[in-house]
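Undergrad: Chains as they are written, first to last, in our numbering: chain A, 1 to 367; chain B, 1001 to 1367; chain C, 2001 to 2325; chain D, 3001 to 3325.
To be clear, the hints were calculated from the coordinates, so they are not data collected in a lab.
All values derive from a computational prediction rather than experimental measurement.
We put the CB at the ideal spot given by N, CA and C, even for glycine.
All clues stand as given, with none of them false.
Cβ pair distances, simulated, as ranges: (1) D:Glu3218 <-> C:Ser2178: 51 to 57 angstroms; (2) C:Ser2178 <-> B:Glu1046: 47 to 53 angstroms; (3) B:Lys1358 <-> A:Leu361: 49 to 55 angstroms.
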Amino acid sequence: KAERKRGVPLSIQELVSEAEVPYQILNEDGQLIGSPPDIAPDRLMEMYRWMYFIRAFSNKIVALQRQGKATTWGALNGHEASSVGFAAPLLPQDWIAGSYRDAGSYFVKGLPPAMVAYYQRGLPPHYPAEAHCLPVQIVIGTQMLHATGLAMAAKIKGDPAVVVGLCGDGATSEGDVNEALNFAGVFKAPIVFGFINNGWAISLPRSRQTAAKTLAARGPAFGIPSRLVDGNDLFAVYATVQEAVDRARNGEGPTLIEAITYRLGAHTTADDPTRYRSQEELDEWNAKEPIKRLRLYLMSCDMLTEAEDTRIAAEAEADALATVEEAANTPAPPPESIFDMTWQNISPRMEQQRTAMKHELEEGEGL
Amino acid sequence: KAERKRGVPLSIQELVSEAEVPYQILNEDGQLIGSPPDIAPDRLMEMYRWMYFIRAFSNKIVALQRQGKATTWGALNGHEASSVGFAAPLLPQDWIAGSYRDAGSYFVKGLPPAMVAYYQRGLPPHYPAEAHCLPVQIVIGTQMLHATGLAMAAKIKGDPAVVVGLCGDGATSEGDVNEALNFAGVFKAPIVFGFINNGWAISLPRSRQTAAKTLAARGPAFGIPSRLVDGNDLFAVYATVQEAVDRARNGEGPTLIEAITYRLGAHTTADDPTRYRSQEELDEWNAKEPIKRLRLYLMSCDMLTEAEDTRIAAEAEADALATVEEAANTPAPPPESIFDMTWQNISPRMEQQRTAMKHELEEGEGL
Amino acid sequence: MKLTMVEAINQALEQEMSEDERIIVMGEDVGKNGGVFRVTDHLQARFGETRVFDTPLAESGIIGTAVGMAIYGLRPVAEIQFAGFLYVSMNQLVSQAARIRFRSAGTYGCPLVVRSPYGGGVRTPEMHSDSLEGAFLQTPGLKVVLPSNPYDAKGLLAAAIEDPDPVIFLENIKLYRSFRQEVPAERYTIPLGKAAILEEGSDVTVISYGGMMPVAQEAIKRVKEKNGASIELIDLRTIWPFDEETIITSVEKTGRAVIVTEAPRAGGISAEVTAVINDHCLYSLLKPVARVTGYDTPFPPPGLEDNYMPTPARVARAILETLDN
Amino acid sequence: MKLTMVEAINQALEQEMSEDERIIVMGEDVGKNGGVFRVTDHLQARFGETRVFDTPLAESGIIGTAVGMAIYGLRPVAEIQFAGFLYVSMNQLVSQAARIRFRSAGTYGCPLVVRSPYGGGVRTPEMHSDSLEGAFLQTPGLKVVLPSNPYDAKGLLAAAIEDPDPVIFLENIKLYRSFRQEVPAERYTIPLGKAAILEEGSDVTVISYGGMMPVAQEAIKRVKEKNGASIELIDLRTIWPFDEETIITSVEKTGRAVIVTEAPRAGGISAEVTAVINDHCLYSLLKPVARVTGYDTPFPPPGLEDNYMPTPARVARAILETLDN
Ligand SMILES: Cc1ncc(C[n+]2csc(CCOP(=O)(O)OP(=O)(O)O)c2C)c(N)n1
Ligand SMILES: Cc1ncc(C[n+]2csc(CCOP(=O)(O)OP(=O)(O)O)c2C)c(N)n1
Ligand SMILES: [Mg+2]
Ligand SMILES: [Mg+2]
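Work out the full structure, taking the sequences as your base and the hints as a guide.
TA: Structure follows, in C-alpha cells:
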C-alpha cells in the first residue's frame, strides 16, 4: 500500500491520515521512479559538485578541529542533497536562514565558504550582505522566526523575494518554530519552511522528539500546506522546494517541507554517537546516502564517467583546502572590535572600556 | 453535507480534512440531536445551578469593579457550559490549571468561589490544596506546561490522577501551548487539553489568530487525538471530556478538545468591544448561549418548571452576593507578608527589609 | 498643545511613520483596537493594515519576526502588551535583537523599538505592574529608555526609532494620563543616553526616572518645605546606557545621592548607579548613596502594592537621612 | 576520594536520588547520553527511565513541566544544556517558578533545581559561554548558586535539591574537569547563602565565585609574591541571596575590595556587591571598590574571548591599584 505512493507527491490529507512515505524521484539505487525536475545538465553537474564540496569541506573542518585549529563543528555528511536542494531553486533576492547544519545551503546561495571556515576559527565572519544568508545563530529553532520576519518584510515592501527557513527535527519542538509557522500562516508570508529531519537531535531520536508520525503534520495545524520528501534525493527536494518557492513568489503563502535524511556523522566533534545509536542504523543510512545515488544516476544517463567523478572529488578536496587556507590567512580583528560590533554609536562608557581593554592588552599577562 | 455530522463525534481524520462542524448533542433550541451522557438527574440539576451561579458571580464582580471595589475582571458570560463541562467529570484527585476565564471550572472542581472574589479585591488568595486548582497565572498559555508537568508527575508517581489544562483560542499561538502538547504526546501524560475558543482574544478574532481552520487540528501535529465540540452544549462538552478523562486514566494518554463558545461580554472591565466587533455577531451568539438551551431541555423533559428556574436564579444571585461578602469580610494580610510568600526561609536581607517596611508603615505617609 | 503621555507617544508614532515609510507598528491589539491603552489609536486607519497590524498572541513571535523585519530593512515598532511579558520573548530580545550587529560583525543592524507599558500603582493584576528594566543592564546590546513626561516621551521615542540599534521603550502606566504637558506640534528628538537635570541644587542629588519622577518631585518639595535644602534632581531618561557624566558631575558637587526606583533593589539600576558613584566619586561622598527601591520580592498583588512602591514620604525620609550629618 | 567537579555533581545526584524518591532528573540528552558533559552519566541506568529522562528540545517546556512536577510534589532537577539558553525559558523561571509560592500565598512551593553549565575560556560557540547570573538578581524568588570546586559543588547541590524554593545551579564549564579535589564519599550539605573565606587577610578583600575563583587565586598569589600583601579571599558560592555579613565584616576590616566576575559589568553581581559595601561600609572604605568584570558587550566569539574575560594579570593589577594609597 505504501509502495503505490512512490513517485507521486502526497497531499496533506493523506499525510495526516496514514503512515507516511516520503516523496521520492530518485531511489536509493539511483533509478528514477518519478519525473525529474527540469534542471539543465550544467546546473545539475554544478549541484553535484556542490554536494562533493560540502562533504569535503565538512571533513576538512573535522580534521582541523582534531588538530585544535577549529572550534566545535557539526558535520554535514548526509545532508548534501537537502542542503543543495533547498538553496538551488532560489534567486539572488531570496534569503536563507538556517542552522549550523545548513552551511551547505548557504554556500549554494552565495556565501563564500571561507566565511564559515573563518567562523570555525572562532572569529566573527563578515557575511556579504548580498548573499542574503542570515549569520548562523545557535539558539535552536529561533532563526525560523527571523526567516518569517524577513518574509513578512518582503511582502510589506512588495519585493518579489522568497525566504527559506531551515531547522532540524529537534528544533521543531521549540515554541519559536511553532510560532513561526503560525505567523507565516496568518500573514501568508512568502516563505518555505524546511524541517531537515536527520533522525536525531544529539542523542534523541526523532521518535522521542514528538509523538506525531511526521513533522510535516505540523502544516495543517497552522493552516500551511506541507510536503514530506526524501531528503537524500536531490530531485525530490529540488522539485518540491521549487514548487513551494513558486507558490510563495506568486503570493500563495508559506509551505512546509519535511526532508527526511540522516546525520551520518557525530552530532558535533564533541559528540560520541556510539553511546546512543547502533552501527546497523548507520549502515542502513550509509547505503541510502545522497551523493552515491546521484552519481549512479548521472552515470546511468552518461552525464558522468568514473574518471570525471574522480576529478570532481579531487577538485572538491582542493577547493576545500584552499577555502580553509583562505580563512586561515584572513587576519583576526583586534579584540577591541567587540565594542564596535555591539552598537553603531557606542556609549562613552564603552569608549572608556575599549581604551581600558587596549591598555590591558599593552600591559600583557605578566604582572 | 455538514448536517450529516451533527450528533456524531468526528474522528481526527475528518477534522483535518474538511470544514468542521463541532460535535453537538443539545442544539440551540434545547433539542437532543444525539444521545446525552449518563448524568444522574440530581447531578445534572447541580450542574445547571453551577451555570447560573457562574453567571451571577461574574455579573456581581463586574458590578463591584464599577464601584471601584474590584480589580479588572474578565466576565465569564457565555462560558458556563464549557466551564462546567470540563470540570464536572473530574474526581477529587484530579487537577485543573486554567486561566482567569476558567474560574467556573475551578468552582465546580471545589475551589471556594470566595477565593476568587478575594483575589478580585487585589489580595493573595489561599487556594485550599485539596481543591487541586492551580492558582491562576496571567502569562497567557503558560499554565498549559504546568498542567502537563502535573500530569507527568502523576504518571511518574503512579497516581490515578488526571489533569485538565485550559486556555483560550488566543493562547494557542503561544509557544508554550505547543510545547505542552508536544511534551504530553511524547510522555503520554494523563491530561485533557481544553482550548476554549470563544472567538476572540481581546480584539483579535479567531480567524486572525491562526490560518488553520480549527484549533483541534493542533492535535495530530503533536500525535494527540483531538475533538471539536460545541462549547455551549453542556452535554457535548461533558461527554467528550468524560471520554478523554477515562482515556487518560486508563493510560491512553492525552486528548485535545476544542470547545467553540463565545465571549458574550467585554474582554475585561477595561475593554470596549464595540471598537472591534459587531452587534449582529453578539446577537447571533446570545441566541446560542448555553444556559437557555439547557433550560429548554430540562423543561422539555419535566426536570424543571418556570417557578423552579426562577428560584434557582434567585438562589444563584443570593449565593453570589454571599460569596463576595465573605470575601469582603476576609481580612487582608499585612503588607510585610510578601516576604514570607517569597521563600519559605527568607534571607537576612529580606528580614531587614521586612523590618524596614514595618518601620515605614509606622512612620506613615506624613513626613 | 497640551498632551497626555499617551497622546504624545501616539503623535510621535504618527509623525515618524509619515516621515519614514520603513516604520511599521505591530503587536497584540494595536490595530483596530488602538492598543489596550490606545497608544496606537487611529494609526491603522491612517497608515493601513500593511503598516499597522495585529499579531497572533505570541511575544517571542512578535519580537522574533520584528528582528527579521529589522534585518530586512524595515523599522519595526513592536508593542508588548505589558512589560511583564517581555520575559516570554527574552531570548529574542537578548540573544537575538541585541546581537544581530555583533553576530554579523556589522553587516546587519537591528533597528527595532520594543514599546511596553510598565509600572505599579494602578491596581493591575500579576505581571502587569513589574519593573523589569534593571535586568536589561546585564544583557549587553539593548538600549533601555523610560520617559517620565509627555514631552520627553515624544522626543525620546523619535530618537529610539531613529537609532540603528534595538531599543526597549518602557512607558509608565500611571503616567499615561496622569497629567498633560505642552508638547511642540513638530517633530523633535531627544538624544538617548542623556539625562535631564530637572532641578538644580547643591546639597544632595536625587536620581530617578520614569514613573518614580513625580514621587521624587513630591518628596523633594516636602524636604525643601521642611529644611530648605538645595536639591538636584536628575531624570535619567535612558537607563542603558545611562548618563554617567551628569551623575558624576552632580554627586561630586553635592557629595550625597539618593536613587529612587520602583524596581526590586538587587542588581538593578539602583546598584549600578551606586557602583558608578563608587567608581568615580568615592572621595566626594559624604554619606552612603541611599537606595529607595522596591523590595527583593515579586511585585505584590494590587491590594498590597502601596507599601511596596517608594512613596513620597519614604523618599523624603531617605533624602533627610542622607542630608543628615 | 579525589573527584572532578563533573564527578562530584554526578555523585551528589546519585546520592540524593537514592535517598529521596521524589527527585527526578530531566533535560536534553541527560539519559542514555548522560548529558553533553556526562554530568548525569549512568543515572538512567541506575534509576530507570521514569526518574531520569530525555525531554524534547524545548527549554520553556522543560522548566514549565518541571514547575508542574514540583507543585505536584516531585523534586525535579532539570538541566538546561547551556546557560545561554536559560533566556528561552525566562518566563517559566522568573514569572512562574519564582512565583509559585507567592502566587499561591504559600499553598504550593516550587522545589525545583535548574542545573546549567556556563562560562567562558573553553572556546565554545555563541551562547555557550555567557554568564547570565547577574540578571537573576532583578528577578526575585530565585536562588542562584555557582560552586567553584568539586567539594562545594557536591554539598551545594545537595542543599539546592533540599531547598523548598527554586534554585538555579550554574556549573562552570572550565572547572568541570580542570582539577580534582578530595570529596567525602558520604552525603553532606553546604548551606545556601553562605560564603566561604578561602584565604584570610587584612589589607584587601577579593570577592569572587564560580569560574573566576582560580583566576582570583592566581592573581592573589602574584600580588603576594610582589608585595607580600595580606589578602582576604571570599568565595560567594551563592550569589543570590549572597552573604552580606561575610562581605561587610571583611571590608570593614580591610577597607578595600576587589570584585571579580566574568559577567558583563553593568548591574550584575559586581554592582550589587559594590552597592552593599556602599550601604554598609562606606566609612571604612579607603579606595573605591574595584570591579574586574566582562565588558558591556555580548560575550565575544571564542577567538576573542581571552581579552574579554578577567585574567590573573588584570585582577592582580586591580588589586595592586586598590592597595595603592
Ligand atoms: C535552545 C537550544 N537548546 C539546546 C541547544 C543545544 N543543542 C545544539 S544542537 C542540538 C540538537 C539539535 O537537533 P536538530 O534540531 O535535530 O538539528 P541537527 O543537529 O540534527 O541538525 C541541541 C540540543 C541549543 N543550541 N539551543
Ligand atoms: C503572555 C501574555 N501576553 C498578553 C497578555 C495580555 N492579554 C490578556 S488576555 C489576552 C487575550 C487572551 O485571549 P484568549 O486566549 O482567547 O482568552 P480569552 O480572554 O478569550 O478567554 C491578552 C492578549 C497576557 N496576559 N499574557
Ligand atoms: Mg536532527
Ligand atoms: Mg478567546
